[in-house]
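*Asks:* Please model the entire structure based on the sequences and the hints provided.
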Amino acid sequence: MSNIAIRVEDLGKRYRIGALAQRNDTLRDQLVDVGGRIVRRLRRRVDSTEQAASTLWALRHVSFEVERGQVLGVIGRNGAGKSTLLKILSRITDPTEGRVTIRGRVGSLLEVGTGFHPELTGRENIYLNGAILGMKRSEIERKFDEIVAFSEVEQFIDTPVKRYSSGMYLRLAFAVAAHLEPEILVVDEVLAVGDAEFQKKCLGKMGDVAQQGRTVLFVSHNMSAILRLTQETIVLDKGSLVLRAASPEAVDYYLSAGHARAGERLWEADEIPPEAAPFRPIALRLRDRRGAVVDTVRSVESFTVEVEYRLTAPLTGLRIGLYLYTGRGEPVFTSFDTDEAAMFEQHTDRPAGHYLSRCVIPADLLNQGRYTLGINASSYHIKRYFEDDQALDFNVDPAGAPGMHWAENRQGVVRPRLDWQIERLA
Amino acid sequence: MSLKVVSRNENDTIVLQPARGWAGLNLRDLWKYRELIYFLTWRDIKVRYKQALLGVAWAILQPILTMVIFSVILGYLLNVPTDNGVPYPVFSFVALLPWQLFANALQRTSASLVGNANLLTKVYFPRLVIPVSAVGAGLVDFAISFLVLIGLMLFYRIQPTWNILWLPLLVLLALLTAIAVGLWLSALNVQYRDVQHMVPFVIQAWFYASPVVYSASIIPSAKWQLVYALNPMAGVIQGFRWALLGTQAPDASLAVSSAVVVVLLISGLFFFKRMERTFADIV
Numbered sequence: 001m002s003n004i005a006i007r008v009e010d011l012g013k014r015y016r017i018g019a020l021a022q023r024n025d026t027l028r029d030q031l032v033d034v035g036g037r038i039v040r041r042l043r044r045r046v047d048s049t050e051q052a053a054s055t056l057w058a059l060r061h062v063s064f065e066v067e068r069g070q071v072l073g074v075i076g077r078n079g080a081g082k083s084t085l086l087k088i089l090s091r092i093t094d095p096t097e098g099r100v101t102i103r104g105r106v107g108s109l110l111e112v113g114t115g116f117h118p119e120l121t122g123r124e125n126i127y128l129n130g131a132i133l134g135m136k137r138s139e140i141e142r143k144f145d146e147i148v149a150f151s152e153v154e155q156f157i158d159t160p161v162k163r164y165s166s167g168m169y170l171r172l173a174f175a176v177a178a179h180l181e182p183e184i185l186v187v188d189e190v191l192a193v194g195d196a197e198f199q200k201k202c203l204g205k206m207g208d209v210a211q212q213g214r215t216v217l218f219v220s221h222n223m224s225a226i227l228r229l230t231q232e233t234i235v236l237d238k239g240s241l242v243l244r245a246a247s248p249e250a251v252d253y254y255l256s257a258g259h260a261r262a263g264e265r266l267w268e269a270d271e272i273p274p275e276a277a278p279f280r281p282i283a284l285r286l287r288d289r290r291g292a293v294v295d296t297v298r299s300v301e302s303f304t305v306e307v308e309y310r311l312t313a314p315l316t317g318l319r320i321g322l323y324l325y326t327g328r329g330e331p332v333f334t335s336f337d338t339d340e341a342a343m344f345e346q347h348t349d350r351p352a353g354h355y356l357s358r359c360v361i362p363a364d365l366l367n368q369g370r371y372t373l374g375i376n377a378s379s380y381h382i383k384r385y386f387e388d389d390q391a392l393d394f395n396v397d398p399a400g401a402p403g404m405h406w407a408e409n410r411q412g413v414v415r416p417r418l419d420w421q422i423e424r425l426a
Numbered sequence: 427m428s429l430k431v432v433s434r435n436e437n438d439t440i441v442l443q444p445a446r447g448w449a450g451l452n453l454r455d456l457w458k459y460r461e462l463i464y465f466l467t468w469r470d471i472k473v474r475y476k477q478a479l480l481g482v483a484w485a486i487l488q489p490i491l492t493m494v495i496f497s498v499i500l501g502y503l504l505n506v507p508t509d510n511g512v513p514y515p516v517f518s519f520v521a522l523l524p525w526q527l528f529a530n531a532l533q534r535t536s537a538s539l540v541g542n543a544n545l546l547t548k549v550y551f552p553r554l555v556i557p558v559s560a561v562g563a564g565l566v567d568f569a570i571s572f573l574v575l576i577g578l579m580l581f582y583r584i585q586p587t588w589n590i591l592w593l594p595l596l597v598l599l600a601l602l603t604a605i606a607v608g609l610w611l612s613a614l615n616v617q618y619r620d621v622q623h624m625v626p627f628v629i630q631a632w633f634y635a636s637p638v639v640y641s642a643s644i645i646p647s648a649k650w651q652l653v654y655a656l657n658p659m660a661g662v663i664q665g666f667r668w669a670l671l672g673t674q675a676p677d678a679s680l681a682v683s684s685a686v687v688v689v690l691l692i693s694g695l696f697f698f699k700r701m702e703r704t705f706a707d708i709v
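Protein chains in written order, with my numbering: chain A, 1 to 426; chain B, 427 to 709.
No wet-lab data here; the hints were simulated from the structure. In this text, all values refer to a predicted model and were calculated from it rather than measured experimentally. Honestly, I wouldn't trust all of these hints.
Each computed BS3-like pair below joins lysine-lysine, with the alpha-carbon atoms no more than 27 Å apart [said to hold, decoys possible]:
1. A:K205 <-> A:K136
2. A:K143 <-> B:K458
3. A:K201 <-> A:K162
4. A:K136 <-> B:K458
5. A:K143 <-> B:K472
6. A:K162 <-> B:K472
*Replies:* Structure below.
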């Protein structure tokens, strides 16, 4: 045991779906809910299926060990249980079953800038944030200059952070976090922020941490970062640990069709506003080249976006719009299913029925990162039936993209494969 | 969190497993995080006085204006009797000091967990840190108002008694009362947001149940005095008048009040510990 830093045994975490989706925010709701439950109970016996439906195992039967000094990667699609695992390990939430044994001081970075107060200056926030992350005051004082230097905001250190640009804010926040020196570090995706230059610096700092022989649990959607920083990786899927392997193997497994599922947004009846009629969205899906529904696509492969919907009455002039945004909300493109004049002519009148509008996003278009898809259904200048700006999140993985032999982040939203020529002129 | 720390030796081994039933208080963990309590209190004070002039002015104006209103309506128009014939303005101001300290602390404590939800869901620290650090910020206002009180006593030529040395303990009792009740309310507020609508009403009712605008001596018999002292603020406020104005000593009342605070505090701590394991999931 002496060489094991983290031992996870048969760990499980159950959430009540009631507590997640329809929280009882007020006593009145709670009373109404209790009333409803009693009535339901009187009507028919609560069967086990109903009970199972009201709870969700975010994590179940997960066991693994992390050796002292090991950097272990954790990957999995959205909702696979990664965040829940980190929350349990960082003691934010209790496990429902199983146990975890941790040897050493744990520092967790589930977010940078936790507790930053906009009215306080950079200097004040360094102290506050440091204390929140568990640093001693003397420790913060000792590292203060280093933190400021790393953040590159020296000139503004006595300015309230509300006047900072978002880049400065993130740099300062990460700088504090990066100087945390626990024996065990639990990191979630914090590197997904900031500009490419700063991301590089952060990755470098993470690499240093790993070099110093500290135990790190590193969760990321960024496969290149996983490959660079970890030797071994575990893959989570639907709350279970499905694979533990050398990182290249784990990343391959994850990216291969079928295990990066969930790139799907389904609309329930109660999520659709009545004004949407006669349009009824059913699903928005992302499919890879092989047709599997995925939440991570490869930059070097084309993929398909499909919108499934029903029209309960005929509509004239309907167009289904697709909006692509970066993870930070900057628009990338907008496209409609009847953008081509010929398509518009052909589908001007759509009778009632069940439809699928789909398009192919070409290969070698998007750079690595997180993206958000929004959809909209409208008749130009007549009515907007339905709109969901943030219907589906997905990731683009750069493996195999141009320039991957250089371990650096590429700026920009697109990552085209350009036809370069090199001529020797003299 | 209510994580059961089964063993914690020099190697800092922590065992996390489902905790059932009533958890131990583990106040040692709270002590380890005393610097965080300090920094969160310091944050609240900094933010409160960031627009400096206005902030300090309010800390002075609010109790003075309240005292003026009470003096005109209750002291002058309704002629409410005071103890030992103390002028009504001083009589009410002496009571307003601990009352406002308490009311302010209770309000902040009750809202503290929900107000710091972003911390609860992102970082581990003993959850008790949050309500405990919410009470301290009011002490600055209290200190400023206290200067006003000194001025007022000089004006009316009232000499404080040596019992003034007991004031820190009385202040502590007021703060402990606020923490004790705040532990219950803040934990309930995480689950039921109605609580935050209830708090102003609770404070208002509590105000009338405390001898701020009237003298506790209007309570008829000694027996009822003790029942009255079940409200800890009754003991605190009588104590303040005794220490500063030399009115009758509230010995028995203070003993009852202190006992009530201890019971409230311990039960509040256990209740909080029991509730805290779900804070991050439902806040």
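*Asks:* Check each numbered hint from earlier against the structure, then list the numbers of those it violates in ascending order.
*Replies:* Nothing - there is no hint that the structure violates, so all of them hold.
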